[in-house]
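Enquirer: Residues per chain are reported as follows:
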Amino acid sequence: MIPPTFEYLRPESLGEALRMLPDAGEDAKVLAGGQSLMPLLRLRLAYPDTLVDLDRVAALREIRDDGDALVVGATATHHQVMNDPLVRRFAPLVAAATATVADPAVRHRGTFGGSLAHADPAGDLPAVALALDAVMLARSASGGDREIPARDFFVDWMTTALEPDELLTGVRLPKAGPGWGFHYEKFHRTAQAWAIVGVACAVRRVQGAVEDVRIGLTNMGSVPVRASAVEERLGGNALSDGALREASELAAEDTAPPADLHGSAEYRSHLARVLTRRALGAATAR
Amino acid sequence: MTEIGRARLRSEDARLVTGRTRWTDNLTPAGTLHVAYLRSPHAHARIDRVDVEAAKGRPNVVAVLSGADLAAEQGALPCAWQVTEDMRLPAHPPMAVDEVRYAGEPVACVVARDRYSAVDALEDIDVDYTPLPVVVDMERAVQDGADLVHGDMGTNESYTWVFEQGDMDAAMRDAPVLLERRFVQQRLIPTAMEPRAVLCEPDGEDFTLHSATQIPHILRLMLSVVTEIPEHRIRVVAPDVGGGFGSKLQVYGEEVLALLLARRLGRPVKWTESRSEGNMAVHHGRDQIQRVALAADRDGRVRGLKVELLADMGAYLMLVTPGVPLLGAFMFPGIYKMDAYSFSCTGVFTNKTPTDAYRGAGRPEATFAIERLMDDLAAELGVDPIEVRRRNWITHEEFPYDSIAGLTYDTGNYEAATDKALALFGYDELRAEQDERRERRDPVQLGIGVSTYTEMCGLAPSRVLGSLAYGAGGWEHASVRVLPSGKVEVVTGSSAHGQGHETAWAQIASDRLGVPFEDVKVLHGDTAVAPKGMDTYGSRSLAVGGVALFRACDKVVEKARTIAAHLLEASEDDLEFGGGRFSVKGVEEAGLTIQEVTQAAFAAHNLPDGVEPSLDSDVTHDPENFSFPHGTHLCAVEVDTETGFTKIREYVAVDDVGTVVNPMIVEGQVHGGLAQGIAQALYEEAVYDADGNLTTTTMADYLLPSAADLPTFTTDRTETPAAGNPLGVKGVGEAGTIASTPAVVNAIVDALRPFGVRDVPMPCTPERVWTALREGGAR
Amino acid sequence: MPRIRVEVDGETYEDDVEPRLLLVHYLRERLGKVGTPVGCDTTNCGACTVLLDGLSAKSCSVLAVQADGRSVTTVEGLSLDGAGDHPLQRAFHREHALQCGYCTPGMIIASLDLLRDNPDPSEAEVREGLEGNLCRCTGYQNIVRAVRGAAAEMRTREVAP
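Residue numbers (full-length UniProt numbering), protein chains in the order written: chain A, 1 to 286; chain B, 1 to 779; chain C, 1 to 161.
Simulated from the structure, these hints should not be mistaken for lab results. Do not take every clue at face value.
Unchecked claim - On the chain B side, residues computed to face chain C include the following (Cβ under 8 Å): (1) Val17; (2) Arg275; (3) Ala604; (4) Pro608; (5) Gly610; (6) Val611; (7) His671; (8) Gly672; (9) Leu674; (10) Thr698; (11) Ser706.
Claimed, not checked - Label pairs and their in silico Cβ distance ranges: (12) A/Gly143 to B/Arg113: 42 to 52 Å; (13) C/Asp117 to B/Arg6: 46 to 56 Å; (14) C/Gly10 to B/Pro516: 32 to 42 Å; (15) C/Arg30 to B/Glu231: 30 to 40 Å; (16) B/Thr395 to A/Gly281: 51 to 61 Å; (17) C/Arg30 to A/Leu45: 21 to 31 Å; (18) A/Val155 to B/Leu265: 21 to 31 Å; (19) B/Glu439 to A/Asp212: 53 to 63 Å; (20) A/Asp260 to B/Pro59: 34 to 44 Å.
Stated by the list, open to error - Calculated cross-link-like contacts (lysine to aspartate or glutamate; reagent style EDC-like; alpha-carbon spacing at most 20 Å): (21) B/Lys647 to C/Glu131; (22) B/Lys555 to B/Asp526; (23) B/Lys647 to C/Glu123; (24) B/Lys420 to B/Glu397; (25) B/Lys337 to B/Asp519; (26) B/Lys337 to B/Glu558; (27) B/Lys647 to C/Glu125; (28) B/Lys585 to B/Glu558; (29) B/Lys521 to B/Glu397; (30) B/Lys487 to B/Glu502; (31) A/Lys29 to C/Glu18; (32) B/Lys647 to C/Glu128.
All residues carry an ideal CB built from backbone N, CA and C; glycine is no exception.
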């Protein structure tokens with residue numbers, strides 16, 4: 001199908017982009033890689049007045065070391081992120097989960113920030129950002145800079161805390177230190193299908209005990225959610241198969257998984273439990 | 001080296017790997033107008049008003065027409081198969097006029113100077129609908145008082161077709177084993193990679209229509225019947241066509257309308273569908289509810305098989321819609337002997353996209369049921385599934401064999417194919433691993449599925465089609481023209497859309513005429529070039545069209561023999577033909593090549609009396625029987641009992657498709673067939689919600705397997721030549737699809753039997769496997 | 001209407017385009033480069049895959065304006081004489097890795113991208129690497145074989161002087 005008509009703006013700098021956004025109005029859309037937006041346009045499920053294309057804002061593509069954190073520019077592509085030495089070293093969960101997003105051609109175009117701002121709960125990266133306690137860096141011409149923790153960023157189904165004139169400029173990811181283990185467990189029917197459920201987990205062990213554990217769930221609600229009950233049960237306790245198994249049984253607590261073509265809510269809850277156990281097992285295997 | 005049996009690389013490939021293709025959408029003559037269709041968002045509604053005025057005012061728009069605007073000239077789309085005398089055949093306008101009966105049915109169209117403008121203008125067409133009750137479920141549709149798809153018919157039943165052979169009461173009475181099952185053949189979307197496209201160019205009273213079709217000849221005739229434009233004024237071209245799988249064996253409304261719009265506007269008119277509209281508007285496949293009962297003795301011998309089908313027609317009957325399930329009627333008994341067989345099928349209207357042929361067309365559905373039953377019978381008796389089949393199948397000494405369904409299987413060797421498959425598969429080792437995994441309660445269980453199938457292809461003997469009230473014959477045509485320079489043109493009525501006819505047909509001609517492969521050019525797919533033909537479907541091309549060519553080549557050789565004998569002053573009986581040369585027996589040096597004979601035939605200076613100049617021939621071949629490929633497929637799956645996910649571990653296919661012209665092409669057909677059959681078992685389903693909306697309109701929801709989802713197949717063959725044709729060929733286009741679906745589902749059920757699971761509905765999604773495990777465990 | 005400058009298969013084009021014009025339609029309908037077909041609306045099928053500045057991209061999900069200032073390689077540009085002499089084109093032919101051929105341009109371009117990243121992929125890596133390209137005819141087996149065969153040839157060629 002054919003996209004509807006829209007105005008097209010292509011700022012050359014972040015400043016220009018920020019100036020353009022308020023004028024573009026409520027029905028403007030920011031175009032990053034377009035890999036989520038283009039299908040919506042072609043199916044005429046979205047009718048933006050204006051697209052603001054960030055392609056030429058080179059600064060937004062950078063991935064840089066920021067002391068005890070990494071900052072991944074919003075328009076760094078999936079391809080760039082998963083192959084970036086800094087990301088692979090300090091945020092291996094991001095690299096691993098990004099490698100499961102769509103397919104190579106889509107990963108060449110699709111962007112890290114775009115996936116997060118799209119806020120599709122079936123997307124893989126929102127749950128990862130949530131599990132890592134990432135911080136979203138937003139900026140607007142009127143309000144300046146704002147830092148939004150991941151847990152406050154995903155507001156509702158495909159809705160974020162970003163204001164219409166606000167741009168996601170990057171994401172701050174705390175660097176993984178010693179003792180951390182990570183895993184993203186994605187379950188889908190075919191290689192190119194969306195996750196029915198995904199589990200992103202980060203575990204820090206100190207001398208056989210679980211010192212810190214964070215679990216983000218993909219597609220278990222209208223927004224990505226943390227498996228808080230599992231985290232609480234495991235945190236501070238000795239690590240054992242039995243403990244993982246028992247704690248994983250709590251993975252679906254306080255979730256409201258969707259029911260759709262690819263899985264009922266009940267099945268998703270079941271998967272969340274099984275996949276959480278597997279993800280925790282893999283993250284603590286080393 | 002003889003050409004027949006040689007893995008020739010394909011002549012077609014050069015243009016396809018370089019992008020120098022002629023897909024219909026690639027063709028845009030100067031001045032072409034572009035069409036876009038407004039489609040019904042309702043599954044069933046009355047059309048109260050269609051307001052096209054605003055759309056007409058949009059930029060670049062040339063015309064906007066509703067169904068009502070074209071009512072006087074658009075006619076009704078054809079159904080060529082009146083399966084019973086009292087079959088109910090509703091009128092099917094190319095564009096709906098006063099009622100829509102499935103979501104996606106065309107309601108109005110825009111013709112514009114470019115495609116973007118045409119699509120934009122659709123949004124300005126205003127239609128008032130009054131929603132009507134929606135019929136989605138077949139079993140409810142046939143109950144008294146059900147809502148109706150066609151109100152004036154008073155019923156949702158189109159027809160009931162029955163077949164009975166043997167004494168069913170005796171077979172069923174006191175049967176020691178009686179298996180009763182309800183299987184659902186889910187609805188599938190054929191999904192050829194090339195979406196449909198049609199371009200119609202007017203030239204005075206003549207029209208040239210390019211279409212992504214499997215059936216240029218049938219389409220030409222039907223367009224003429226529907227539009228009343230004389231047949232000789234219509235030329236249909238199927239240029240490069242990107243797959244069909246039955247979905248382009250159709251006369252579509254968009255094709256009829258392209259012709260009518262080109263006539264009305266006097267300019268070339270083109271329409272190319274998008275995938276998301278195609279999923280709603282290309283005919284669907286399968287969609288049956290099967291109630292089957294199999295009676296057997298305690299030793300596993302089958303006594304009788306009873307089959308009752310409800311077949312979903314969708315909202316209308318299209319080209320061969322009602323006949324598709326009846327092709328299955330002949331195949332339910334499969335390769336087995338039995339005393340009694342009964343079949344009945346009721347065609348049911350629903351508010352869904354019409355169904356029609358999809359790869360296998362009736363035979364996959366039938367094969368699935370009998371092969372699932374044979375595995376269940378084995379489980380019931382505690383016998384190995386291979387053994388239970390051995391006790392029932394027709395042995396190779398018993399051919400030709402009159403099947404209980406009334407067919408004569410000419411040849412076959414089920415023992416040989418099965419033995420070969422078992423050896424390749426490592427059957428005993430896998431069974432041992434299965435036992436071991438069961439014993440240690442591995443969360444990932446192993447299952448082994450068997451499918452020993454046969455199918456009928458080579459459609460079809462015209463007399464048989466006549467007895468089934470089909471609206472045409474089943475012959476095929478071939479012409480051979482030896483050009484003055486000795487090069488050869490072959491014209492075939494069977495037009496390929498991926499099957500490699502340009503290569504295989506050249507091999508046959510090269511082999512029979514003794515000319516180099518490179519000297520043969522195969523022409524097809526254009527009614528002006530190949531005027532006679534019955535087209536490509538039902539694994540018929542080689543078994544009917546290839547045999548027509550074989551015979552046409554022999555006819556050329558016979559004519560050449562007469563001329564050669566005359567020129568050599570020898571008796572025809574004394575001439576031998578081999579390697580492209582006629583020679584006099586015993587006198588090696590006395591001879592003429594076929595090229596030399598051709599020159600003589602062209603010059604015509606010295607021909608025997610009564611022999612016409614030039615060397616060419618025409619043959620229209622009507623097969624006397626179907627052909628019956630068969631084989632044994634074995635599948636091993638690993639089922640994750642925690643998530644329900646199924647992974648195919650091993651897949652072995654041993655097929656017997658008779659004589660093989662090009663083993664490389666045959667293997668490719670098997671691979672592709674397997675992928676589609678496996679996809680029915682595991683992935684694909686067209687899903688409608690309770691309101692009759694298709695929820696799988698995109699490839700994000702209608703899941704097709706990628707390379708990452710499929711295993712490497714092990715394929716091999718046995719070669720039992722068909723007796724019914726001089727080439728010994730049977731057909732291979734559908735075998736893989738027919739055999740593989742039950743092999744996969746049998747494997748899944750086999751893995752899960754210890755958990756009390758007896759069946760998993762298709763597609764066997766992880767959730768369905770998980771649900772079956774929970775229900776099985778609770779039993 | 002924005003003006004764009006795009007290099008396609010070695011030739012530079014300058015055109016005014018509507019912002020919403022898809023790259024694949026620009027290639028097909030404006031430049032007449034119809035070797036790249038369209039198979040879906042949702043980035044699933046990959047038939048329209050081209051290289052955009054050397055990386056594979058689905059040209060149905062890229063706006064022509066997004067290609068401004070960039071270079072595009074289509075299947076038509078792999079062998080400039082159109083002879084099909086790129087190792088991948090030859091391997092697809094040799095291994096019977098195509099039937100109807102509609103997915104083939106995208107499949108070849110995606111394979112080229114895969115081999116740039118990984119010159120010696122295992123069977124599993126080829127299957128994973130081509131997950132974004134659907135074929136309905138071949139069951140993929142011969143495609144996998146063709147890609148690995150071409151990879152071997154391309155590796156030898158690189159070490160040759």
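Enquirer: Evaluate each hint against the coordinates.
Expert: Taking the hints in turn, this is what the structure says about them:
1. Hint status for B/Val17: holds, given a least beta-carbon distance of 4 Å to chain C, under 8 Å.
2. A cut of 8 Å between beta carbons decides the hint on B/Arg275: the least distance to chain C is about 4 Å, and the hint holds.
3. With 8 Å as the threshold, the beta carbon of B/Ala604 stays out of range of chain C, its nearest partner Cβ sitting at about 41 Å, so the hint is violated.
4. Interface hint status for B/Pro608: violated, as the beta-carbon distance to the closest one in chain C is roughly 45 Å, over 8 Å.
5. A least Cβ separation of about 46 Å between B/Gly610 and chain C goes past the 8 Å threshold, and the interface hint is therefore violated.
6. Taken as an interface hint, B/Val611 does not check out: its beta carbon lies about 42 Å from the nearest beta carbon of chain C, beyond 8 Å.
7. Here the hint on B/His671 is kept, as its CB sits about 3 Å from the closest CB of chain C, short of 8 Å.
8. About 5 Å separates the beta-carbon of B/Gly672 from the nearest beta-carbon of chain C, less than 8 Å, and the hint is met.
9. At a threshold of 8 Å, the smallest CB-CB gap from B/Leu674 to chain C is about 6 Å, leaving the interface hint in force.
10. A cut of 8 Å between beta carbons decides the hint on B/Thr698: the least distance to chain C is about 5 Å, and the hint holds.
11. Satisfaction of the interface hint for B/Ser706 is found here, the shortest Cβ-Cβ separation to chain C being roughly 5 Å, below the 8 Å cut-off.
12. For the pair A/Gly143 and B/Arg113, the beta carbons lie near 47 Å from each other, so the given range of 42 to 52 Å is met.
13. Checked against the hint of 46 to 56 Å, the pair C/Asp117 and B/Arg6 fails, with Cβ atoms roughly 37 Å apart.
14. Our hint of 32 to 42 Å for C/Gly10 and B/Pro516 holds, since their Cβ atoms are close to 37 Å apart.
15. The given range of 30 to 40 Å is respected by C/Arg30 and B/Glu231, whose C-beta atoms sit roughly 38 Å from each other.
16. In this structure, B/Thr395 and A/Gly281 meet the distance hint of 51 to 61 Å, their C-beta atoms being roughly 53 Å apart.
17. Taking 21 to 31 Å as the suggested C-beta distance range, the pair C/Arg30 and A/Leu45 conforms, at roughly 26 Å.
18. For the hinted restraint 21 to 31 Å between A/Val155 and B/Leu265, the CB-CB distance of approximately 51 Å leaves it violated.
19. Judged by the Cβ atoms, the range 53 to 63 Å given for B/Glu439 and A/Asp212 is violated: they are separated by roughly 40 Å.
20. At roughly 39 Å, the beta-carbon separation of A/Asp260 and B/Pro59 lies within the given 34 to 44 Å, and the hint holds.
21. Between B/Lys647 and C/Glu131 the CA atoms are separated by roughly 16 Å; this keeps the pair inside 20 Å, and the hint holds.
22. Restraint check for B/Lys555 and B/Asp526: the C-alpha separation of about 24 Å exceeds 20 Å, so the hint is violated.
23. A C-alpha spacing of about 16 Å is found between B/Lys647 and C/Glu123, which places the hinted pair at or below 20 Å, so the restraint holds.
24. Restraint check for B/Lys420 and B/Glu397: satisfied, since their Cα atoms lie roughly 18 Å apart, inside the 20 Å limit.
25. As the CA atoms of B/Lys337 and B/Asp519 are separated by approximately 48 Å, the hinted pair breaks the 20 Å bound.
26. With a C-alpha separation of about 44 Å, the suggested pairing of B/Lys337 with B/Glu558 is violated against the 20 Å cut-off.
27. Pair hint B/Lys647 plus C/Glu125 holds up; C-alpha atoms about 17 Å apart against a cutoff of 20 Å.
28. For the given pair, B/Lys585 sits about 17 Å from B/Glu558 by alpha-carbon distance, which is consistent with the 20 Å threshold.
29. For the hint linking B/Lys521 to B/Glu397, the alpha-carbon distance of about 42 Å lies beyond 20 Å, and the restraint is violated.
30. Simply put, B/Lys487 and B/Glu502 have alpha-carbon atoms about 15 Å apart, close enough for the 20 Å limit, and the pair holds.
31. Among the hinted pairs, A/Lys29 with C/Glu18 is consistent with the structure: their alpha-carbon atoms are about 17 Å apart, no more than 20 Å.
32. For the hint linking B/Lys647 to C/Glu128, the alpha-carbon distance of about 15 Å falls within 20 Å, and the restraint holds.
The structure fails hints 3, 4, 5, 6, 13, 18, 19, 22, 25, 26 and 29 (numbered hints given earlier, in ascending order).
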